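Going by this note's numbering, the first residue of the sequence shown is number 1, and it counts up by one from there.
Think of the hints as simulated: they come from the structure by calculation, not from any bench. Treat the hints with care, as some may be off.
[What the hints assert, rightly or not] Under the rule of at most 35 Å between Cα atoms (straight-line distance), these lysine-lysine pairs were calculated in the DSBU-like manner:
1. K790 <-> K561
2. K476 <-> K936
3. K759 <-> K771
4. K785 <-> K706
5. K380 <-> K907
6. K886 <-> K766
7. K922 <-> K560
8. K391 <-> K380
[Said to hold, decoys possible] Label pairs and their in silico Cβ distance ranges:
9. D180 <-> L243: 12 to 22 Å
10. P11 <-> I87: 40 to 50 Å
11. N530 <-> K836: 51 to 61 Å
12. I848 <-> Y660: 13 to 23 Å
13. Q461 <-> L920: 25 to 35 Å
14. P498 <-> D799: 54 to 64 Å
15. S490 <-> F663: 17 to 27 Å
16. D799 <-> Y660: 46 to 56 Å
17. G847 <-> P879: 15 to 25 Å
From a predicted model like this one, the values you see are computed outputs, not experimental measurements. Note that beta-carbon positions come from the ideal geometry of N, C-alpha and C, so glycine has one too.
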Amino acid sequence: MDEKGEFILSPDCLLEIMNYVITDCKSKDKNVKNDSSSFGDLIHFVLAHEFFLELLEVHYKRLYDDLEMAIACKIIKLLIELRLNKISSGMECCWSSYLESVREKSPFNLELSLGYHKEKRNHTNVCVSIKGISTDLANTEALKLFDNISTEDLSDICSKNPNLRILAFEGSKIHGSFSDITPHCENLEEVRIRLNPRSGVAQYRSLAKLPNLKTFIITGVQESGSQLLFFNDLRTWSRPKSLQPLTLTIEDSLSDESQPITFATFDSLRYLHINEPYRYNDWYNSKLNVLIKSEYDLSETSEDSTSIKEYLATITLGKYVKVKFNRCKEELVLKIHQESDISKMGSLSKLPNLSRLVVHNKCSYLDYPNTLAEFLRSMKPNGSFGLKSCKINYGIIDKLESIELSKIESIRFLACHQYSWCSTKFLSQLSNLQHLKINVRREWINGNSLEVIVNLLTACQVTASIMTEELSITLKKNEKEMEILFSYNSFKADILAPLSQISGFDSLKIAGGALTGYLNPVFKAFATSNLTTINEIDLSELDKPRFEDIIEVAEIKTIKKLTCSISDFTGIEKLANLNKLEDLSVFGKGNLSPLFIKLAERDSIHRFQCSKELDPEEVINVSKIGSLKHLNCKFLDVENLKSLSALANSSIEELIVTSYHSFSLKNLFAAFSKCNASRLQQLEVIGKALDFTEIAEVSKIKGLKKLLGFFDSNGAQLLDRLINLEHLEINVLNVVALKSLPRLQKLEIKNEIGLLECKHLVELEKLESLKCSLCKDPGIEVLAKMKNLKELIIYRAEDSLCRLYRAFGLGSESKLRELHIPIRYSEEIREISKIKSLTVLDINYEGICDNLSDLGQLNELKSLRIAAKCSVDSDSLLPIIQFCQKLDCVTLEFIRGLKVAVKFVSKANTILKSIRDPLLQKPLQLTLCETSVFPKFHVEDIDDSYLNVFYSYDTEYPDEILDFMSDGAESDDSDSYDVDWYY
Numbered sequence: 001m002d003e004k005g006e007f008i009l010s011p012d013c014l015l016e017i018m019n020y021v022i023t024d025c026k027s028k029d030k031n032v033k034n035d036s037s038s039f040g041d042l043i044h045f046v047l048a049h050e051f052f053l054e055l056l057e058v059h060y061k062r063l064y065d066d067l068e069m070a071i072a073c074k075i076i077k078l079l080i081e082l083r084l085n086k087i088s089s090g091m092e093c094c095w096s097s098y099l100e101s102v103r104e105k106s107p108f109n110l111e112l113s114l115g116y117h118k119e120k121r122n123h124t125n126v127c128v129s130i131k132g133i134s135t136d137l138a139n140t141e142a143l144k145l146f147d148n149i150s151t152e153d154l155s156d157i158c159s160k161n162p163n164l165r166i167l168a169f170e171g172s173k174i175h176g177s178f179s180d181i182t183p184h185c186e187n188l189e190e191v192r193i194r195l196n197p198r199s200g201v202a203q204y205r206s207l208a209k210l211p212n213l214k215t216f217i218i219t220g221v222q223e224s225g226s227q228l229l230f231f232n233d234l235r236t237w238s239r240p241k242s243l244q245p246l247t248l249t250i251e252d253s254l255s256d257e258s259q260p261i262t263f264a265t266f267d268s269l270r271y272l273h274i275n276e277p278y279r280y281n282d283w284y285n286s287k288l289n290v291l292i293k294s295e296y297d298l299s300e301t302s303e304d305s306t307s308i309k310e311y312l313a314t315i316t317l318g319k320y321v322k323v324k325f326n327r328c329k330e331e332l333v334l335k336i337h338q339e340s341d342i343s344k345m346g347s348l349s350k351l352p353n354l355s356r357l358v359v360h361n362k363c364s365y366l367d368y369p370n371t372l373a374e375f376l377r378s379m380k381p382n383g384s385f386g387l388k389s390c391k392i393n394y395g396i397i398d399k400l401e402s403i404e405l406s407k408i409e410s411i412r413f414l415a416c417h418q419y420s421w422c423s424t425k426f427l428s429q430l431s432n433l434q435h436l437k438i439n440v441r442r443e444w445i446n447g448n449s450l451e452v453i454v455n456l457l458t459a460c461q462v463t464a465s466i467m468t469e470e471l472s473i474t475l476k477k478n479e480k481e482m483e484i485l486f487s488y489n490s491f492k493a494d495i496l497a498p499l500s501q502i503s504g505f506d507s508l509k510i511a512g513g514a515l516t517g518y519l520n521p522v523f524k525a526f527a528t529s530n531l532t533t534i535n536e537i538d539l540s541e542l543d544k545p546r547f548e549d550i551i552e553v554a555e556i557k558t559i560k561k562l563t564c565s566i567s568d569f570t571g572i573e574k575l576a577n578l579n580k581l582e583d584l585s586v587f588g589k590g591n592l593s594p595l596f597i598k599l600a601e602r603d604s605i606h607r608f609q610c611s612k613e614l615d616p617e618e619v620i621n622v623s624k625i626g627s628l629k630h631l632n633c634k635f636l637d638v639e640n641l642k643s644l645s646a647l648a649n650s651s652i653e654e655l656i657v658t659s660y661h662s663f664s665l666k667n668l669f670a671a672f673s674k675c676n677a678s679r680l681q682q683l684e685v686i687g688k689a690l691d692f693t694e695i696a697e698v699s700k701i702k703g704l705k706k707l708l709g710f711f712d713s714n715g716a717q718l719l720d721r722l723i724n725l726e727h728l729e730i731n732v733l734n735v736v737a738l739k740s741l742p743r744l745q746k747l748e749i750k751n752e753i754g755l756l757e758c759k760h761l762v763e764l765e766k767l768e769s770l771k772c773s774l775c776k777d778p779g780i781e782v783l784a785k786m787k788n789l790k791e792l793i794i795y796r797a798e799d800s801l802c803r804l805y806r807a808f809g810l811g812s813e814s815k816l817r818e819l820h821i822p823i824r825y826s827e828e829i830r831e832i833s834k835i836k837s838l839t840v841l842d843i844n845y846e847g848i849c850d851n852l853s854d855l856g857q858l859n860e861l862k863s864l865r866i867a868a869k870c871s872v873d874s875d876s877l878l879p880i881i882q883f884c885q886k887l888d889c890v891t892l893e894f895i896r897g898l899k900v901a902v903k904f905v906s907k908a909n910t911i912l913k914s915i916r917d918p919l920l921q922k923p924l925q926l927t928l929c930e931t932s933v934f935p936k937f938h939v940e941d942i943d944d945s946y947l948n949v950f951y952s953y954d955t956e957y958p959d960e961i962l963d964f965m966s967d968g969a970e971s972d973d974s975d976s977y978d979v980d981w982y983y
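The whole structure should be built from the sequences, with the hints applied where relevant.
Structure below.
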């Protein structure tokens, strides 16, 4: 003992005691991992004196490092307890100093949660949790207070803990004004509040102005019973625009699914998600709560004089219903189940900016058959609200639903499944309908239903597609095309004759199979209709009918182009009666001589293509058609010199020959080379590589301007004889021969080329267009030295072409106007943006680039096409529209699942109105192509004097079509349809 009678222990003794405490902590529970929770006694021991802390740090370094955060957490708890219980301690200064040193050495974030005692509401539970920034390890301490906390106490706690990041009020009562707290907790990043029954949130208003706040969550609004008070208080909240945006998230979990749900439809509402999980294991007797989540943008809240009741919407959630609203997409999505009743959810029409409605209904029937009709009744236009797009997936709708849909006059885009034609007819009353896709499942087409189809196709302003089990009919008014696809060979197509009453389309395509002979009444109807303007018919994908089965097509006198696939050519000569026919393609086998003889008498056809091999007689007869300029065919006998001579003396200017045989085409080419009267200017050979002897004859055709085909290396050297050649497609580059072609302007090289070939190409000084594929070979940027190159098309490239584009960009005398290329790297975009001479840019987008906006530097750009194979940030294209003010057309093509942002069209329209004068410049043509059954169309009004938008959508993926056509019941695991439905 010392002089004062105090018992003094040496450091060695203290270490022995500490060692005993550590051993005891480790031995308490062998099954528990030795984390900080096992060392509570040790932590209490070392906090008794600062010297004990020093001993632990020096002699048990590893253990100390493991417990440092736990010690800090315990100290914070003790300091808070001292403050709130108004107790002083001699260790308070030591603990505070230690905390400061820990914060500097091992930074951590602090979370403080204040909750009420379950049994004694005037008592408060405090939970302290800290998490290391680098280690991500959490430690938690809890304490109970016998009174509520004042804002003065809370301010002191906040000021002494500048690393406080999360503050939660779990139903506890705080005495005082929260405005006293905010100056001391500016580092807060997250606030969570559990609302007390019958209370508002006016007291928390100042928290919304915390500068670093990122997350603000309030729970218990629906259970509090004070929704009106809550949302009325919320209107007074605001967040300065100078601070980062802040979203208020309101979350609730209701055990009573019948309890009405009330929320505010302020303009600041960003999201609303309501999810009652489907109880597919009811025999477990488990209780799953209704989950509600809404988000409000506090930067957009504003107080006005409108009664709060005007903003409130109250719904009674139907059983197993899921609701998802996204204000950015202007879309409400409902997912319903067989037992769902959504008739009391009409107040959802008050959602701000609601323009799109999607209903997922995988049920074959509903327990409440009128529930959807009653819900749709609430969607009728009202004031500023007007639904623009409606898509009802999977399940069918009947007469009542169709009547209610027909009353939503604002609808522009509609996709749904109809039960019958009787219910379908009401949809033609939609006067603003632009895009329509319907599937009539339960009823076959008959004579009466054709009136419904005609009315719908006529009423729809842009694209309408009507599908049944038997066929589908699509009318595209912008493209002036009608397509008819038969599903069954047993369909009697004659009932489609009333389609001739529809005007405004020039092209008709019919595919699939129909009963023999039943198409003739349809063609006859078109032939006799005063409304017919058809100039192109494509029957190439019909199930090879006999000509007599489509013979009436020969009576449609307006036809200029006809493509057909025929199994029996008997009577085909009647096609010569089409006195306006200019382009004819025939696929199948049979004798074409009668047709050629009649066509020669008419002398009006310009192009002819066939898949069969023409025999000598047919060759002679086709040669007699004086108007024929373009012929695409195969030859049965290339040894018959008489027929070949007749062809060479004909008016043919372009000949496309397809040959997969090994026999030589020398005689064919010789016939043309020996004929001084030959008019042949363009020759293309498909399927056969020409040998030396064949090229030798080709090289003698003096008037040849275009030659496309494959040649061996020996024959390529003879090409220098073709002094009139302007366009050449070749697989082997022979620069010596090509240099001797004084008029060569366009060159297509099928084989990959590298540095050596590129150097040779530079020698072709008059070349204006080059198509090629580039291998991985340093130095290919030498291509930029081509003096007169105006068009460059690169099919494939094995490596980045940055250097090539950089060379073009640096070339002050570059004449490059058109560039068609694959893109995989941001660096390529950066260099392309410096080629100021570009007017046409066509990109196959194969890799994600973060700088597409750089293309806005191309001031001369008039046409842009991007075919995207991977994700594109469409907003990055807006600067291109803004700064490339000479743009005439933009085409964006997307593979499955990819699309432009919902607001892209609206933003483009706004930009164009700010920079263009419609009196001096025509509107920009924007074409959006998607592989989709029914895409997400823009719903905003746009000014067509600045912007014209065209949609091209289709899908080659059977599962997408099957989803739309599905009539199956909802799966038990309803969440499998949309994995991120709620979160």
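Where does the structure disagree with the numbered hints, that is, which hint numbers, in rising order? 10, 12, 15, 16
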